[in-house]
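Asks: Residue-level listing of the chains:
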Amino acid sequence: MDIYSLVNAITLWVVPGLILFALLYASYRRVKVFDTFVEGAKEGFNMSIRLIPFLVGMIVAIGLFRESGAMELLSRLFIPILNIIGMPPDLLPLAVMRPVSGSSALAITTEIMNTYGPDSLIGRMAATMQGSTDTTLFVLTVYFGAVGIKKTRYALNVGLLADAAGLITAVLVCRVVFS
Amino acid sequence: MVNLLWAGMIVSAIIIAGINGNIGTVTQTIFSSAEKAVGIAFSLISIMTFWLGIMKVIEKSGFINVVIFFLKPLAYWLFPGVPRNHQAMNAMLMNMSANLLGMGNAATPFGIKAMDELQKLNPHPDTATDDMCTFLAINTASLTLIPTTIIAIRTATGAQNPTDIIGTTIVATLCSTMTAVFCDRIYRRYNLWKNNSRNL
Chain L
1 MDIYSLVNAI
11 TLWVVPGLIL
21 FALLYASYRR
31 VKVFDTFVEG
41 AKEGFNMSIR
51 LIPFLVGMIV
61 AIGLFRESGA
71 MELLSRLFIP
81 ILNIIGMPPD
91 LLPLAVMRPV
101 SGSSALAITT
111 EIMNTYGPDS
121 LIGRMAATMQ
131 GSTDTTLFVL
141 TVYFGAVGIK
151 KTRYALNVGL
161 LADAAGLITA
171 VLVCRVVFS
Chain Y
1 MVNLLWAGMI
11 VSAIIIAGIN
21 GNIGTVTQTI
31 FSSAEKAVGI
41 AFSLISIMTF
51 WLGIMKVIEK
61 SGFINVVIFF
71 LKPLAYWLFP
81 GVPRNHQAMN
91 AMLMNMSANL
101 LGMGNAATPF
111 GIKAMDELQK
121 LNPHPDTATD
131 DMCTFLAINT
141 ASLTLIPTTI
151 IAIRTATGAQ
161 NPTDIIGTTI
171 VATLCSTMTA
181 VFCDRIYRRY
191 NLWKNNSRNL
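Chains as they are written, first to last, in the working numbering: chain L, 1 to 179; chain Y, 1 to 200.
These are calculated hints, taken from the structure and not from any lab test. No experiment lies behind these values; they were computed from the predicted model shown. Keep in mind that the hints are not guaranteed to be accurate.
[What the hints assert, rightly or not] DSSO-like mimics (lysine-lysine), calculated; alpha carbons at most 30 Å apart, straight line:
| # | chain 1 | residue 1 | chain 2 | residue 2 |
| --- | --- | --- | --- | --- |
| 1 | L | Lys-150 | Y | Lys-120 |
| 2 | Y | Lys-60 | Y | Lys-72 |
| 3 | L | Lys-42 | Y | Lys-60 |
| 4 | Y | Lys-72 | L | Lys-151 |
| 5 | L | Lys-42 | Y | Lys-72 |
| 6 | Y | Lys-36 | Y | Lys-72 |
| 7 | L | Lys-151 | Y | Lys-120 |
| 8 | L | Lys-151 | Y | Lys-113 |
| 9 | Y | Lys-60 | L | Lys-32 |
| 10 | L | Lys-42 | L | Lys-32 |
| 11 | L | Lys-32 | Y | Lys-113 |
| 12 | L | Lys-42 | Y | Lys-36 |
| 13 | L | Lys-32 | Y | Lys-72 |
| 14 | Y | Lys-113 | Y | Lys-72 |
| 15 | Y | Lys-113 | Y | Lys-60 |
| 16 | L | Lys-150 | Y | Lys-113 |
[Claimed, not checked] If we take Cβ atoms under 10 Å as the criterion, some of the chain Y residues that face chain L in the derived model are:
| # | residue |
| --- | --- |
| 17 | Ala-34 |
| 18 | Lys-56 |
| 19 | Ile-68 |
| 20 | Leu-145 |
| 21 | Thr-149 |
| 22 | Asp-164 |
| 23 | Asp-184 |
| 24 | Arg-188 |
[Unchecked claim] Residues of chain L clear of chain Y, computed beta-carbon distances all greater than 12 Å:
| # | residue |
| --- | --- |
| 25 | Leu-82 |
| 26 | Asn-83 |
| 27 | Gly-86 |
| 28 | Pro-88 |
Just so it is clear, CB atoms sit at the ideal spot from N, CA and C, and this is done for glycine as well.
Build the full structure now, drawing on both the sequences and the hints.
Replies: Written as structure tokens, this is what we have:
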């Protein structure tokens, strides 16, 4: 089995598989599955509404950045570097924002999918980039801040290196699997 | 940082639009983009509602204990400085399992609890220990099986098969997590941080 069909099989099975296991296991443990489902599902509305300010702020900013021609200028500057890993210049703002702010990066990802279509290569790259790492700065601030650690030693370096690895892999893997 | 990036994007866009002579597009783009944003948020409601329901079932059933069972050997190897039955180990296992299942909201409280417990093992309360750095490294790389929010957004923007990025995401997140663990080990072994300590 080659890598493509393996990745494809995982993709097809993960969600139905998780739902199947979750419901079987919960029923076996005598959890009232539907009541519990409804209890959790109530949060869905609030969670989506809470995203609106992030989405409006970032989608407007990226929209302006692209329509004004600023994106084109920026990508012309970085094209030599981007070409090495085959990253489309439109992903540059996402790559910069990803370690800094999760909700903002999510909004940029949304904008890219909305503009180029979620099934385009660049849309899938953005989705993979978004899902491949967490927001390094947020995690560091919250976790170290919670216990009053001031000297964080090498944690930031490792976090950013991991982010870079995730982003580059996302671009390369999407190229192999989706084109 | 976010503030700077956000303002930078808008300010440079307006200036460049002015130089290029298409300042008219600015107002137009603001209105159309804002409308798009709200539309997407509304189409998110449907799929988010379903997922959060399923997540609650997973949470209540204690399914997380199954995941913890498989993660234990890995956690013992990753955190040699933490006693196996210590509260810190338990909290870190809960945190890692919640992340793996895509329950980001549940993972954060466990993570903070873990830091609290790790702090009790810390001889210098203002400086991070090796195990804290490792724990942070794992968390920033966030090994996730199912990127719930991305799938929801792909659904909202009309993807034909919203889940088809799961495979590529798992590969990418594995790479970032392995990089985090690898770099962490290098730093630990050679104590590279000594000339490189930073204040957050």
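Asks: Hint by hint, work out which the structure violates, then give me just those numbers in ascending order.
Replies: When the structure is compared with the hints, numbers 5, 6, 19 turn out to be violated.
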